[in-house]
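Residue numbers (the UniProt record's numbering), protein chains in the order written: chain A, 1 to 418; chain B, 1 to 729.
Derived from the structure by calculation, the hints contain no laboratory data. Keep in mind that this is a model prediction, so the values were computed, not measured. For every residue, glycine included, the Cβ atom is placed at its ideal position computed from N, Cα and C. One or more of the hints may lead you astray.
Computed list of lysine to aspartate or glutamate pairs in DMTMM-like fashion (alpha-carbon distance at most 25 Å, straight line) [as the list claims (entries may be wrong)]: (1) K193(A) / E384(B); (2) K188(B) / D231(B); (3) K35(B) / E369(A); (4) K353(B) / E369(A); (5) K21(A) / D157(B); (6) K410(A) / E324(B); (7) K135(A) / D96(B).
To spell it out: a stretch of chain A is covered by chain B in this simulated footprint if at least three of its residues, at any positions, have a beta carbon under 8 Å from a beta carbon of chain B; those stretches are [as the list claims (entries may be wrong)]: (8) 2-12; (9) 113-127; (10) 191-201; (11) 256-264; (12) 296-308; (13) 328-334; (14) 411-418.
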Amino acid sequence: MIHSLFLVNASGDIFLEKHWKSVVSRSVCDYFFEAQERATEPENVPPVIPTPHHYLISVLRHRIYFVAVIQSEVPPLFVIEFLHRVVDTFQDYFGVCTEAAIKDNVVVVYELLEEMLDNGFPLATESNILKELIKPPTILRTMVNTITGSTNVGEQLPTGQLSVVPWRRTGVKYTNNEAYFDVVEEIDAIIDKSGSTITAEIQGVIDACVKLTGMPDLTLSFMNPRLLDDVSFHPCVRFKRWEAERILSFIPPDGNFRLLSYHVSSQNLVAIPVYVKHNITFREGSSQGRFDLTLGPKQTMGKAVESVLVSSQLPRGVLNTNLNPSQGTYTFDPVTKLLTWDVGKINPQKLPSLKGSMSLQAGASKPDENPTINIQFKIQQMAISGLKVNRLDMYGEKYKPFKGIKYMTKAGKFQVRT
Amino acid sequence: MPYLGSEDMVRELRRALSNPNVQSDHLRYRNTILKVVRAMSQGVDVSGLFSEMVKACATVDVVQKKLVYVFLCSYASLNPELSLLVINTLRKDCQDPNPMVRSLALRNMTNLRLPSLVEYVEQPLTAGLRDRAACVRRVAVLGWAKLHKLQASSDIDAAVVNELYSLLRDPDPVVMVNCLRALEEILKEEGGVAINKPIAHHLLNRLKECDVWGQCEVLKILERYRPQSEDELFDILSLLDPSLLSPHPPVMAATLSLFLSLCSGLPAASLSALERVRGPLLAACGSASREMRFTALCHIQLLLRSLPGLMGAHYKRFFCGYAEPAYIKQRKMQLLVELVNDENVALVLDELKGYCTDVNTDTAQAAISAIGRIGRSYSDRCLEILTGLLGLKQEHITSAVVQTVRDLVWVCPQCSEAVCLALEGCEETVQDSQGRQALLWLLGVYGERVSSAPYVLEVFIDGLRSEVSPGVKMELLTATMRLFLCRPAETQDMLGRLLHYCIEEETDMCVRDQALFYYRLLHCGIEETRKVLQGRRSDPSLGVLIGRPAEPVNQWARSFNTLEPLKQSAAETESTSGGSPEPVTSVPRPNTDLSLSSLSPSPVDKPPNGVALCFLLLGALEKAEEEDYVCMEEHVHCPAPPRCSPQSLQAALQLVNVQTLAFTPPQTLPWRVYLYTHTRNTHRSTLILGELLYTGEERVKKQPRDDTALKGFLSILATVLHTLSSERA
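Next comes chain A alone, as it looks inside the complex (with noise of 0.2 Å):
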């Protein structure tokens, strides 16, 4: 299914490459550089193109081109899904995915490719599995090892392989019995110049990070589950219960996993956390332009807004800015005209603003368009749909385990028209 897999870095060098079947000769990337240089950003080389003996599938993340070739015809989501797996994997097991990374991996990397694929095929792919085979590298275990000579290879047949669930090992012992669960949403919105919402969604993922001893058996409610409208589970939620009880009842991997991830569209009211007042103006013939921006919080719940950093790429014609804000730091690169504010926590008494003028080219007209703003922004302690935990119930097994959910809304793409 897949036949090689090339790895370019954004300059256009294959810095990796892993052949499953026969050795496919690097020319082929060739028909890649050509569409990459035609792009003219880096994320615009169309995911798929057609060479005349085979395809090529790639997906960009970290700045990596990962570029599958396929010489049949494939369903492309399985390609890409496996694709985003290896690089979900590559982070899980170094940390970051870059490029240096990969190469001072370069061995452990080889070695869960091998793994992962055989023949073209994916083999083992789930996290839990692979670290069984594979240990991941950390600076205590390479220490230990160049000192006793052990390795990061397991030595013992991965016992989860051959436990009835497939996703949980047997014979799991911990003395802290913990289960924690994480409610993450990101907001993704688009507010148009008036400050009416276009479109409004939830992306909303529940992490969890179980350590429980034995096979235990949970059951997670809901106050208001209506809400969600497309979940989607770890294979270990029991379907049908969801569908006739709105309750999530599984058997969990052991470890860190995602439980289930769900979107809350814009039929359900997306309440927007932040609100923007701007005013950004360029005159005609004048060589200087306004820029007059105020973050305000609203229905936040009474939570703080933190982390906010503001971003906007301002028009070509831009030669400088001169702004002053009442709170946080500012930059503005001349070269690539992004403006970047740093405002950190917003207080409600005193509203962040950045204010001052934008000194433009001499005798260039007017821009075309005003500026988009993006922004980020984190609430703690709040999921901004409104979701809540009702009980957490944990069946078959004896002991008391200890329970927490965090919430926390964060914005995802966040934009603001001007």
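Please build the complex by placing chain B on the supplied structure of chain A, with the hints as guidance.
For chain B alone, coordinates are given in the frame of chain A:
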């Protein structure tokens, strides 16, 4: 990238590898091997170390083994003789008590891919199939597929195939899926795995146990199975139903694909399946991965062909984000065009207007042509936006607007007033050849209403020598001729100069031929010229059907979840980013391969008047693309014109794969319908363009080029008309 000093490096490594001190200290030994592998991954040619590495293979250290295997598998094909030495170690490892070591040895044995080693590999592979540990069986099963590929010519051992079939019942789900994969490859020539009822049900029941990848594979292979009874079919469908809402888009897509193939005889069931996947598909459109979003968008486009209303309420999901890549934006715009209705048109147009000034020129042009498409049903609003864009005086925007407007006025002649007003001054901004061609066409056709038209053309004629594009020259000829007919006094002189230059000095044959043709045409008299050049304009009473009727699901079900829907976009982006945007076809139909450019309102005056003359015109203009055009008139006998609604006629024609382009309203005389169809044989395809004209008698004009196709078309058409009129009678 072998860099300087690679030879020194190899020498150094060889010395280290053969040093007995290093060999005795297994930590140092392993580190040296690690260096070799690292050098290999950097592209240094370390194949010279093969024999040293073979020796390093005999060790109890699993990591060292793995490293050596990585090396051996890459260079084995260069050293088939030396590779023989490894086999012994590998075979010994296959007896190891640790299943990890056994599976590792087995996998690498098959990964060496040396035909000369096949005889040594077969025995351990057979043993591997019966191993206690599932992980060894997994590897062994796939090993047979690899082995088969090495000696594809030789016959398949029936015993092995039987064994693989029986392993489909293996308790380990991965072994089961691997068996399917291996059998698919081994039995490729016989059409893959044979799926009978027990196997199909066995696979369905165990679907849940497989991982995501396995599920996809099983679902795909099950598409081959045909249930024997209706009850069985519904059992399978209800078993599959939960997978339609699977969290993993690949599984969801594979399930839907299986659903569609199972329900090919039950349109209602497949439509309800499409409704079911709306949620998951929309969720995939919002996924964090761009590539996933893109693929989901492409598949939604397919779905909309059968259920145009499917995403109606969700049109806002297809608004573009600021930082999205161009290929996603373009797809989203195509989708927005499909989703426009009376309620959301204002919002959608506002949104598209914002994209027209995008930094990326391809995106901007795509947005403009999207507005043009919407303009066919909401012409006033769109024209306002388009003419507003001309004010920006941006080269690429103006060019795209002019092309869009050209396509628009052909379909909606009532907009021509506004267009004529807007054209003034465009010639300074439009630079590329496609844009200028469109501008010239507009000036030629509406020359009498654009006061500055002769002066614009004069500038073009004066600059003729430096003009490179033959397309522009030909368009210029036609435009000047047309203008000459309505404003002879101002144009006569420049037409003379133009014709002189083109006939005497031009080197491009097409341009010269066309000039000669016009020259001779003028000799025939002004009336004759007028008849040819001003052939027929589009008819203001023609109403274009915008929402095309739903296609049956079966038309596209086969291409669902394949690369097909994505491929097209790749071709499109290529053509647009290549610098010269293709003329927008008037009826973009995602799956018609035939170039429809001959249908676009561009230079060709569609339904021609004089047969011989027209042939010449078309031949000259369309050059290499379609050489043999034939025009003819045929009578279709039909008792009475069908007095049914346009929609039902369209639906009826669509059943026989005839597409309708435009209609006059019913009850008008002459009543006409423009239609087209294409047939595809093994080696060539025919496009038939037809005009159905009723003036009291029925007849069809069309431009076919092979007789059998024409006859077939006529008989089908007659049947449809008969059926329709008898229904009404």
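Hints, verified against the model:
For the suggested pair K193(A) and E384(B), the alpha carbons sit about 21 Å apart, so the restraint of at most 25 Å is met. Distance hint between K188(B) and D231(B) is unfulfilled; the C-alpha atoms sit about 31 Å from each other, more than 25 Å. This hinted pair does not check out: K35(B) and E369(A) have alpha carbons roughly 55 Å apart, beyond 25 Å. Restraint check for K353(B) and E369(A): satisfied, since their Cα atoms lie roughly 11 Å apart, inside the 25 Å limit.
Among the hinted pairs, K21(A) with D157(B) is consistent with the structure: their alpha-carbon atoms are about 22 Å apart, no more than 25 Å. Simply put, K410(A) and E324(B) have alpha-carbon atoms about 19 Å apart, close enough for the 25 Å limit, and the pair holds. Straight-line distance between C-alpha atoms of K135(A) and D96(B) comes to about 22 Å, which keeps the hinted pair within the 25 Å bound. Residue count for the stretch 2-12 of chain A with a Cβ under 8 Å from a Cβ of chain B: 0. That is fewer than the three needed, and the coverage hint is violated.
Proximity of the stretch 113-127 of chain A to chain B, defined as three or more residues with a beta carbon under 8 Å from a beta carbon of that chain, is established by the 8 residues found. By the rule of at least three residues with a Cβ nearer than 8 Å to a Cβ of chain B, the coverage given for the stretch 191-201 of chain A holds, with 3 such residues. Only when three residues or more bring their CB closer than 8 Å to a CB of chain B does the claim for the stretch 256-264 of chain A stand; here the count is 3, and the claim holds. Counting residues of the stretch 296-308 of chain A whose C-beta sits closer than 8 Å to any C-beta of chain B gives 0, which falls short of three, so the coverage hint is violated.
Counting residues of the stretch 328-334 of chain A whose beta-carbon sits less than 8 Å from any beta-carbon of chain B gives 0, not enough to reach three: the coverage restraint is violated. A count of 3 residues in the stretch 411-418 of chain A with a Cβ less than 8 Å from any Cβ of chain B is obtained; the coverage claim is therefore met, three being the minimum.
In the structure shown, a violation is registered for the earlier hints numbered 2, 3, 8, 12 and 13, in ascending order.
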